[in-house]
Amino acid sequence: KNQVEQSPQSLIILEGKNCTLQCNYTVSPFSNLRWYKQDTGRGPVSLTIMTFSENTKSNGRYTATLDADTKQSSLHITASQLSDSASYICVVSAGTYKYIFGTGTRLKVLA
Amino acid sequence: DSGVTQTPKHLITATGQRVTLRCSPRSGDLSVYWYQQSLDQGLQFLIQYYNGEERAKGNILERFSAQQFPDLHSELNLSSLELGDSALYFCASSPGELTDTQYFGPGTRLTVL
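Chains as they are written, first to last, in the working numbering: chain A, 1 to 111; chain B, 1 to 113.
A portion of the hints provided could be inaccurate.
Computed list of chain B residues with no C-beta within reach of chain A, every gap over 12 Å [to be verified]:
1) A14
2) D71
3) N77
4) C91
One-sided and incomplete, this derived list gives chain B residues near chain A with beta-carbon spacing under 7 Å [claimed, not checked]:
5) L43
6) F45
7) S86
8) F90
9) P95
10) T101
11) F104
12) G105
13) P106
14) G107
The hints are simulated quantities; they were obtained by calculation from the structure and are not laboratory data.
Predicted, not measured: the structure shown is a model, and the values here were computed from it.
Note that beta-carbon positions come from the ideal geometry of N, C-alpha and C, so glycine has one too.
Please put together the full structure from these sequences, using the hints given.
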């Protein structure tokens with residue numbers, strides 16, 4: 001069964017600190033993996049998209065990694081800001097046109 | 001602002017009714033995607049169109065249908081509405097398909113009473 005699991009469910013960190021969010025998947029055939037940031041009540045915003053051959057992708061203070069062998073991905077946020085408070089969603093594409101969503105990690109950054 | 005527009009922003013209706021949600025993609029984008037986000041199920045992919053043709057179906061109920069018009073805007077039709085259809089419905093667009101970045105609209109919040 002195609003599944004995407006994210007951990008932790010929620011996370012609280014202090015402003016300026018780094019954090020890492022995890023995404024494990026059992027999706028076949030793997031096509032690509034996306035990370036989104038979603039503010040409450042708003043549409044998701046794309047952070048990174050990685051295909052099978054890509055190990056790392058950065059977008060400003062956000063760095064995503066992908067290990068296709070262990071079927072794991074992580075999203076590392078550097079020097080967190082209050083505006084990073086949001087839900088972060090991992091999405092894995094199975095085959096060409098199937099999108100499997102994780103349940104997200106809710107991040108809260110405190111001043 | 002992603003450049004994707006959705007109307008209406010909010011919709012309140014009764015069980016058994018039918019509604020139409022509208023989406024205008026970013027200028028030049030050929031793909032349109034529809035997603036549903038409910039509190040208990042999270043985000044789910046419903047359907048994708050590319051240049052007027054249906055490309056993929058996800059967890060879309062038979063009571064739901066969609067189409068993409070020649071001007072590339074799209075409509076999602078929800079009929080025989082049930083309480084469980086209450087959710088945020090997002091539209092996204094991308095220039096092409098596959099590994100293209102998808103740009104999400106602000107969503108339509110549907111409440112079924």
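Could you check the structure against the hints above and give me the numbers of any it violates, in ascending order?
4, 7, 9
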